[in-house]
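There are 2 protein chains.
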Amino acid sequence: MAQTDLVFSCNYQRGKARLGTIRTVHGEFETPVFMPVGTQATVKSVLPEDVLKTGSKIILSNAYHLYLRPGTETVKAAGGLHRFMNWKGSTLTDSGGFQVMSLGSTVKVTDEGASFRSHIDGSEVFFSPEISVRAQVDIGADIIMCFDQCVPYPVSKEVARKAMVRTTLWAERAKSVPVPRSQALFGIVQGSVWTDLRKESALSLSRLDFPGYAIGGLAVGEPKKDFYEIVRSTVGYLPEDKPRYLMGVGHPLDLIEGSLSGVDMFDCVLPTRNARHGRAFTFEGGLNIRNRKFAGDYGPLEESCDCVTCKGFTRAYLRHLLVAGETLASTLLTIHNLRFFQRLMERIRESILEGTEERLRESILEVYPFREE
Amino acid sequence: MAQTDLVFSCNYQRGKARLGTIRTVHGEFETPVFMPVGTQATVKSVLPEDVLKTGSKIILSNAYHLYLRPGTETVKAAGGLHRFMNWKGSTLTDSGGFQVMSLGSTVKVTDEGASFRSHIDGSEVFFSPEISVRAQVDIGADIIMCFDQCVPYPVSKEVARKAMVRTTLWAERAKSVPVPRSQALFGIVQGSVWTDLRKESALSLSRLDFPGYAIGGLAVGEPKKDFYEIVRSTVGYLPEDKPRYLMGVGHPLDLIEGSLSGVDMFDCVLPTRNARHGRAFTFEGGLNIRNRKFAGDYGPLEESCDCVTCKGFTRAYLRHLLVAGETLASTLLTIHNLRFFQRLMERIRESILEGTEERLRESILEVYPFREE
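In the order they appear, the protein sequences are chains A and B. In this text, residue positions in the first sequence follow the working numbering: the first is 122, and each later residue adds one. In this text, residue positions in the second sequence follow the working numbering: the first is 122, and each later residue adds one.
Watch out, some of these pointers could steer you wrong.
Any copy will do: because identical chains look the same in the list, a pair fits if it lies in one copy or spans two.
[What the hints assert, rightly or not] With a straight-line cut-off of 27 Å between C-alpha atoms, the simulated DSSO-like cross-links for lysine-lysine are:
(1) 209 / 432
(2) 346 / 174
(3) 283 / 137
(4) 209 / 137
(5) 320 / 414
(6) 137 / 320
(7) 174 / 283
(8) 432 / 197
(9) 197 / 414
(10) 229 / 363
Keep in mind that the hints were calculated from the coordinates and are not lab data.
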C-alpha cells in the first residue's frame, strides 16, 4: 500500500456504529462526518469562510467537472484546490464515475475507460482510471477516489456484475498511478442491490489495501429497504481500521442509519440544493420558506440554531428575499441548512456515545418521514 | 422646520468642494459619501456584514419597491428596515419618483399623485406625496425623500417646468406629514437641463427648510456637459449648512466632478450591477473578468486593494466562477467593486484636503474616459 498522510482513528464503538477522527494535512475532523458539496470548486452561493462557520471541515468537489472546466491544469497552477477556492479545511474529490453514468446513453464504456460528450460544449472526452487519478492529483484534494463504473437502478444482475468487476480492475490500475502522500486514494465498492456482488467487490478491493473505502452506486432510486441492507452487509466486508464513505447520502434518516451501520463519511447535495429551492431543514421538520404564512413571521428559521442566518435574519425577511428573487436567500438558507446537517452529525455522534440512537432515530423519523425530492 | 436627529457638519472647504460628516441615529459617516444600492432591502448577493467591511456606512433602499413587496407594514412590523435586513449602518430610502417615471406610458400623473400599474403583478397603484412619506416612515430609514416628478430626457421646457412646480407643491405636502425626529426628510430639486428651472426649484425648496436637499432627474441620458453645468449651478442655490445629494450618480468621474461641485452624497447601481455582469473596477481601469486572458491569472483583481475578494481570491478563480455560472462570482465582485467605490471616495476626500483634485481627476479620466453602461 502507498504511504499516506491520512490518519483514521476509531475512538469508540457501539455495535457497528463508531466514532473516530480523520486527519489530513489540512486538519482533523470527527467522524461520522458530513461533507458539503462544492462540485465546481465552490459551495454554491456561500463564501468559504462562512462554510467553515457552519462547522464543516471537509468539502467535496468533482474531478469530472473541474477536468472539463476550468481544467485541472488551471487548478494545479493555482496551487491546488484549497488555494484555488480559498478553502482552509480538507477536501475530497469524486472521480467522475457517477457523473459519467448520469450522462446516460451518450456514454460508451469499455475496459479501457469511458468515452462521452462534455455536458458543457459537446466535445468528445475520454476518461480512464489513470486519467481520473492524474486529474485528481493535479487538483490536489486530500482524499481522492478511484474511477468507478456506476450502474443505474434497476439493472440486470449480469450488467451489475460486469460493472463491479470492471470497477475492481480499474481500481488496480488507479493504484498504479503515483499519488503524493498528502493525498489518499479510496476504492469504491459497486454491485448495485446484490449483496453477493457487493461482498465480492468489497473483498477484492480490500485486498488492494486502500487507505479508505467508499460504497458507491446507491441512492440512485433503489428501494430504501435494499439500500439499508446493502449498506449494512457491505460494511461487514470492509476493513475495520479504514474509513468508510457512503457516497451521495443523504437524507437525515440515511445519515443516522448509515452511521449506525458503521459508515464514517457522507456527502449530499440535499442541504445546498434544497436551500436554493427555498427549503430549510430544522429539527422540527422541513420548512418551505416561500409559504405565505412566513410573510409575517419574525422568528428565526430555528430557535435552537446558532448559525449566522438564525442569529441575524427572520423567516419574514428570508421569504421576502425568495419571493423577490434575491440570491442572498440562497446564501442564507444554505448557511442554515449546512449548519443543520453539522448539528445533526453532532447529535448522531453524541447519541452513539450515549446509547440514545433509537431516540434520535425516532425523533428524526417523526419529522422527516421519507426521502425529500 | 421639523426637528431631526440628523447632524451635518462641514469641516473643511476648498472652492466649492467640502468635507464633512453626517450623523444619524445609526452612526456617523464622512462626506462626500457613496451609498451602495440595496433596492429590495438587500445589497444584491452580499451579506450585510460583508457590505460593512467594504467601508460602506449608509446604504440606499427604495420605498416604491418595498411598498409593493413585501409591503411597508411588513418592514414596519419587523422593527424597521435596519432590523428587517440586519444592517447595522445608516439607511436612506428613495421615494419612488424615479421608479414611477421609469414605468413610462402606463403612468398617469396629476397634481394629486401618480397612478400606475405594479411592475410585479400589474395591479393598480396610487402614489402621492403623503403616501410616499408615510410608507417611508413605516420603513424607517434615517434619511427619506420627498416624492418627486421626474421627467425623462429629452423633454420640452414646458413639461419640465410643470413637473418641477408640481415637485415643489408635492414637497410642501410631504412636509405636512409627521415624521419621527430619527428620520430626516430631504427635498428634491427638479428642472431637467434648464438652469433657470433648477434655480427656481432649489430656491423654493430651500424656503421650505428641509434638513437636506437632493438633485434629482439627472443621469437620465442628458449630455455630460449639461449634467455638470446643472450640478454646479444648482448647488449654488442650495443652503450651505445642509447636505446635498446627487441622486443616481455615478460613474467614477462623476463622483469627482460632483464632489468638486459641492455635492456631499451619491448613490449608484454601477458597482453592484457591473459586478453581476462580471466587471470589476480598479484604479488601473475596468476589467471584464470573463475575458479568456484571466483564465491563468493568479493575481488578485487589484494588487493595492484590501477587500475580502482581493485578499483571498484570484482573477483565475473569479473567471472560473463566472464562466461556470456560479453566483459566488457576483458576491465576490460586488464586494470588490463596493470597496473600490469607497476607496475612490477616500481618495476624493483626501484630494480635497490636499488640493490634489486635478491630479486625481486626470488619473481617473485616463482609465475611465467615458461613462460605462
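> Failing hints, ascending?
Replying inline: Those not satisfied are hints 2, 3, 4, 5, 7 and 10.
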